[in-house]
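What follows is the residue order along each chain.
Number of protein chains: 2
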Amino acid sequence: MSSRYARPLAILIEELAKLPGIGPKTAQRLALYILNISREEAGILAQSITNAKDKIKRCQICYNLTDQNICEICQDQARQRDIICVVETVRELMALEKTGGYKGLYHVLQGAISPLDGIDPDHLTIEQLISRLKTEDIKEVILATNPNIEGEVTASYIAKLIRPLNIKITRIAYGVPIGGDLEFADEVTLTQSLLGRQIFKNDK
Amino acid sequence: MSSRYARPLAILIEELAKLPGIGPKTAQRLALYILNISREEAGILAQSITNAKDKIKRCQICYNLTDQNICEICQDQARQRDIICVVETVRELMALEKTGGYKGLYHVLQGAISPLDGIDPDHLTIEQLISRLKTEDIKEVILATNPNIEGEVTASYIAKLIRPLNIKITRIAYGVPIGGDLEFADEVTLTQSLLGRQIFKNDK
Numbered sequence: 010m011s012s013r014y015a016r017p018l019a020i021l022i023e024e025l026a027k028l029p030g031i032g033p034k035t036a037q038r039l040a041l042y043i044l045n046i047s048r049e050e051a052g053i054l055a056q057s058i059t060n061a062k063d064k065i066k067r068c069q070i071c072y073n074l075t076d077q078n079i080c081e082i083c084q085d086q087a088r089q090r091d092i093i094c095v096v097e098t099v100r101e102l103m104a105l106e107k108t109g110g111y112k113g114l115y116h117v118l119q120g121a122i123s124p125l126d127g128i129d130p131d132h133l134t135i136e137q138l139i140s141r142l143k144t145e146d147i148k149e150v151i152l153a154t155n156p157n158i159e160g161e162v163t164a165s166y167i168a169k170l171i172r173p174l175n176i177k178i179t180r181i182a183y184g185v186p187i188g189g190d191l192e193f194a195d196e197v198t199l200t201q202s203l204l205g206r207q208i209f210k211n212d213k
Numbered sequence: 010m011s012s013r014y015a016r017p018l019a020i021l022i023e024e025l026a027k028l029p030g031i032g033p034k035t036a037q038r039l040a041l042y043i044l045n046i047s048r049e050e051a052g053i054l055a056q057s058i059t060n061a062k063d064k065i066k067r068c069q070i071c072y073n074l075t076d077q078n079i080c081e082i083c084q085d086q087a088r089q090r091d092i093i094c095v096v097e098t099v100r101e102l103m104a105l106e107k108t109g110g111y112k113g114l115y116h117v118l119q120g121a122i123s124p125l126d127g128i129d130p131d132h133l134t135i136e137q138l139i140s141r142l143k144t145e146d147i148k149e150v151i152l153a154t155n156p157n158i159e160g161e162v163t164a165s166y167i168a169k170l171i172r173p174l175n176i177k178i179t180r181i182a183y184g185v186p187i188g189g190d191l192e193f194a195d196e197v198t199l200t201q202s203l204l205g206r207q208i209f210k211n212d213k
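Residue numbers (this note's numbering), protein chains in the order written: chain A, 10 to 213; chain B, 10 to 213.
One thing to keep in mind: the hints can contain errors.
[As the list claims (entries may be wrong)] In silico DSS-like cross-links for lysine-lysine, where the CA-CA straight-line distance does not exceed 30 Å:
1. 148(B) x 210(B)
2. 64(A) x 34(B)
3. 27(A) x 34(B)
Hints are computed from structural coordinates only; laboratory data are not their basis.
Kindly generate the complete structure, drawing on both the sequences and the hints.
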C-alpha cells in the first residue's frame with residue numbers, strides 16, 4: 010500500500026520491486042538506501058541504467074552484448090577463430106568466459122526452441138549461425154545449450170542443420186558437478202556421467 | 010572482472026552491485042534484465058531514482074521522509090496528536106504504520122546512540138524532540154527504539170530528558186524478540202508490543 014509513502018518514494022519502491030527477485034521488502038530497503046546516498050551517487054546509478062540501455066546492442070556477428078557493432082570477442086584476433094561455442098543467452102557466454110578456459114568464438118542463440126512458449130527456430134539466431142559457418146572458416150561447433158529439454162531439442166535441431174556442412178559438432182560433457190556429492194546427483198546425471206566416462210590419468 | 014563486459018554494461022553491473030544485499034551475480038542478472046526491458050521502462054526506473062532523490066526530504070517536524078515540508082502524518086488532523094512514537098529510522102516508522110494499529114504522531118531520531126560508531130546524542134534529532142514536547146500538547150511519548158543495546162541506551166537517555174517535562178513515558182512491550190530488528194517483526198507482534206507498552210523506568 011504505497012499511500013503510506015510520499016509519492017516519489019512509493020514510485021521508486023514500485024519500480025525497484027519490478028526487478029526480478031526483488032520483493033517489496035527488499036525494494037523498500039533499496040529505496041531507503043538510495044535516499045541515503047549522495048545525490049551524485051544516485052545520479053550515477055540512474056545514469057548507468059539509461060546509458061547501458063542506450064549504448065548496449067547486439068554484436069552483428071555473434072549476438073553477444075556490446076557497445077560497438079562487433080563485440081570484443083569477435084574482434085579479438087588472439088582468440089581461436091575456427092571454433093564456435095553456441096549458447097542460449099549472454100548469461101551462459103559470461104559464465105563460460107569466467108572459466109577462462111575457452112578461447113574460441115561464440116554464437117548467442119537468444120533463447121532455446123520451446124514450442125510451448127511459442128519460441129520457434131526462426132525466433133532464434135540459428136539462420137545467422139548457419140550463414141556464419143558457410144562464410145567463416147570454422148572447424149568445430151560446440152553445442153553448449155542448457156542440459157534440459159529445450160536445450161537438447163535446440164542442440165539436435167542445430168546439429169541436423171550443420172551436419173551437411175561437414176564441420177565437427179560437439180556437445181558439452183554431462184556429468185557430476187565438481188565438488189558435489191555423488192549421493193545428491195540425480196539419476197539421469199549419474200547415468201550420463203557413467204556413459205561418458207573417460208580413461209583415468211593419475212599423472213595430472 | 011568487468012573487462013569481459015562492454016563498458017556501459019560493466020558500469021551498470023558495478024553500480025547495481027553497490028546496493029546493499031546485491032552481489033555481483035545478482036547485479037549481473039538485474040543488469041541483463043534491464044537491458045531486456047523497453048527503453049521506456051528503463052527510463053522510468055532511472056527517472057524514479059533521480060526523482061525520489063530530488064523530491065524526498067525530511068519532514069520539518071518529525072523527520073519522516075516526505076516530498077512536502079511537513080509529512081502527511083504530521084499534517085493529518087485525524088490522527089491522535091497528543092502522543093508521539095519515537096523511532097530510530099523511517100524503516101521502523103514504516104513497519105509500525107503497516108500494522109495500522111497506531112494512530113498517533115512519530116519522531117524519527119535518525120539513528121541510535123552508539124559511541125562505538127561515533128554516534129552521539131547530538132547526531133540525532135533528540136533536541137528537536139524535546140522542543141516539540143515543550144511546544145506541542147503531548148501527553149505520552151512511546152519509546153520505540155530497537156530492543157538492542159543502542160536502542161535501550163537511546164531510550165534511557167531520552168527518558169531522562171523527558172522526565173522533568175512531566176509527560177507519560179512508555180516503552181514498547183517486549184513482545185518483539187530481544188536482539189532483533191523492529192523492521193523484521195511481524196505485524197501482530199508489533200501491534201501487541203504497542204498495546205502492551207509499559208511505563209518507562211530508568212532504574213532497571
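Hints, verified against the model:
Under the criterion of a C-alpha separation no larger than 30 Å, the hint pairing residue 148(B) with residue 210(B) is consistent with the structure, at around 17 Å. A hinted pair counts as satisfied when its Cα atoms are at most 30 Å apart, and residue 64(A) with residue 34(B) qualifies at roughly 22 Å. Of the pairs offered as hints, the one joining residue 27(A) and residue 34(B) holds, with about 18 Å between alpha carbons and a cut-off of 30 Å not exceeded.
No hint from the list above goes unmet by this structure.
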